[in-house]
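**Student:** So the chains spell out like this:
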Amino acid sequence: MFNTSNTTKTVTELTAHIRTVIESDPLLQGVWVSGEVSNMTRAASGHWYFTLKDATAQLKCVMWKSAAQRQTITPRDGDAIEVYGHISLYEPRGDYQFYADRVRPVGMGDLFLRFEELKARLNAEGLFDPARKRPIPSVIQRIGVVTSPDAAAFQDIQNVLRRRLPTAEIVISPTQVQGNEAPPQIVRALERIVTYGAVDVILLIRGGGSLEDLWCFNDERVARAVSDSSIPIVTGVGHEIDFTIVDFVSDYRAPTPSAAAEVISQRSIEVIRAELTDLQHNLTQVIHNQIDQRREQLDDYARTMAYNSPLAHVRVMRQRIDTLNARLTREQRRQVQLLRERVTAKTAALTAADPRAILKRGYAIITTADGARIDSVEAAPIGTPLLIQLADGEIIARSEGTPQDGLYQRPLI
Amino acid sequence: MDSINDLSFERAFEELDTIVAKLESGELSLEDSVTLYERGRLLSAHCQALLDQAELRVQQLADDGSLRPL
Numbered sequence: 001m002f003n004t005s006n007t008t009k010t011v012t013e014l015t016a017h018i019r020t021v022i023e024s025d026p027l028l029q030g031v032w033v034s035g036e037v038s039n040m041t042r043a044a045s046g047h048w049y050f051t052l053k054d055a056t057a058q059l060k061c062v063m064w065k066s067a068a069q070r071q072t073i074t075p076r077d078g079d080a081i082e083v084y085g086h087i088s089l090y091e092p093r094g095d096y097q098f099y100a101d102r103v104r105p106v107g108m109g110d111l112f113l114r115f116e117e118l119k120a121r122l123n124a125e126g127l128f129d130p131a132r133k134r135p136i137p138s139v140i141q142r143i144g145v146v147t148s149p150d151a152a153a154f155q156d157i158q159n160v161l162r163r164r165l166p167t168a169e170i171v172i173s174p175t176q177v178q179g180n181e182a183p184p185q186i187v188r189a190l191e192r193i194v195t196y197g198a199v200d201v202i203l204l205i206r207g208g209g210s211l212e213d214l215w216c217f218n219d220e221r222v223a224r225a226v227s228d229s230s231i232p233i234v235t236g237v238g239h240e241i242d243f244t245i246v247d248f249v250s251d252y253r254a255p256t257p258s259a260a261a262e263v264i265s266q267r268s269i270e271v272i273r274a275e276l277t278d279l280q281h282n283l284t285q286v287i288h289n290q291i292d293q294r295r296e297q298l299d300d301y302a303r304t305m306a307y308n309s310p311l312a313h314v315r316v317m318r319q320r321i322d323t324l325n326a327r328l329t330r331e332q333r334r335q336v337q338l339l340r341e342r343v344t345a346k347t348a349a350l351t352a353a354d355p356r357a358i359l360k361r362g363y364a365i366i367t368t369a370d371g372a373r374i375d376s377v378e379a380a381p382i383g384t385p386l387l388i389q390l391a392d393g394e395i396i397a398r399s400e401g402t403p404q405d406g407l408y409q410r411p412l413i
Numbered sequence: 001m002d003s004i005n006d007l008s009f010e011r012a013f014e015e016l017d018t019i020v021a022k023l024e025s026g027e028l029s030l031e032d033s034v035t036l037y038e039r040g041r042l043l044s045a046h047c048q049a050l051l052d053q054a055e056l057r058v059q060q061l062a063d064d065g066s067l068r069p070l
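Protein chains in written order, with my numbering: chain A, 1 to 413; chain B, 1 to 70.
Keep in mind the hints are simulated off the structure, nothing from the lab. Predicted model only: the values in this text are computed from it and were never measured. A portion of the hints provided could be inaccurate.
[Stated by the list, open to error] With the Cβ distance kept under 8 angstroms, some of the chain A side facing chain B (calculated, not the full set):
#1 Ser138
#2 Pro149
#3 Glu169
#4 Ile170
#5 Ile193
#6 Val194
#7 Thr195
#8 Tyr196
#9 Leu279
#10 Asn282
#11 Arg295
#12 Gln297
The beta-carbon is built from N, C-alpha and C at its ideal position, and this holds for glycine as well.
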């Protein structure tokens, strides 16, 4: 169309056409390309930018974050890799770029296919399920380690633990960690430590190495042994950028052996010391509080008891008794007084009635000799013996009869 | 209750933690509280002593399940 037309195109129009041409070529839309990595940049956004080159050409490559996250390896400058993807045009700059989707090391195409196949299969079985992952115990006393006792990685974790968790105890279950013999050995070492049982967590570790060196950790037998473990397993295999199958299966994937040791020693000796100090403080505080509280309670009770004490009733009753007593005494006195007055009155009356008083006034009582009172003239005819009682004694006389007129002077009665 | 000197650090610490929690619950008799407090003090001293002498122990597990120092 452009061949036969004289029409001038804008840059945008031409660029859009080039893009259409590129994107309609099947070869450019799905191809493995091999080369050496240079200018590898992992952007903060998570996207990867790198250049793939060989002796005579180079190709700008980009891998979006979504694809980058799925990769088993992270390319480093100088790595020989194969990348699968498609070519497209970045119109603002007029650059064509390779949009990478998958990356694998050169010459390991078959291995990688097997890796991807195993990963997909185990994933489909649910072995990577986050729900299967057990938490790392917060309190760790004994640590099982599955690795080679001669490996630098083993020294690394001892250094970390000696510094951070010297209260712990390490039990190493030794195994080779590279070569063809490694997978069954790792499986046996894992079974040995799980059977032994008396560890809180297992570290499955190996230091950095080539992809081939780490390959035993992509073995299905090893992956299943990790999955079958009844004890939580933390993996620390290779470097930060290395991901192996066991990392997906384990309960926690640490980026390096040292990091694995750090993860299980988060409650480090400093933290433990601080916790212990807190506990001691709480212990003392709590008992003091309790004693204070009870003492206060006791004081309360004492007050309440004093208030409700029978003694209080006794005091009240005693008071009432005192009052009654006082009334009683007063009443009694009054009564006595009253009686005394009556007695006095009677005494006076009695005194007044005393016949002797009459005698003292000069009267006399005259009886017969046998004591019969003479109260009539007829009772004392002439010759009757008479007993005359006076105030100071008695005299006897004889009746002379009734008096003759003028012979006796009579006193006025 | 176990003899305190035979307890591992973690066991002792755990028990100390439990004791403090129990005391904090305030549901104990005073006598029990004081008994627990005394054991807590002993546990705490035991923990301190273990911390002071803590030294990472490394042992190797053999195929027959036996341990030997590495």
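**Student:** Looking back at the numbered hints, which does the structure fail to meet, lowest number first?
**Tutor:** Structure breaks hints 1, 6, 11, 12.
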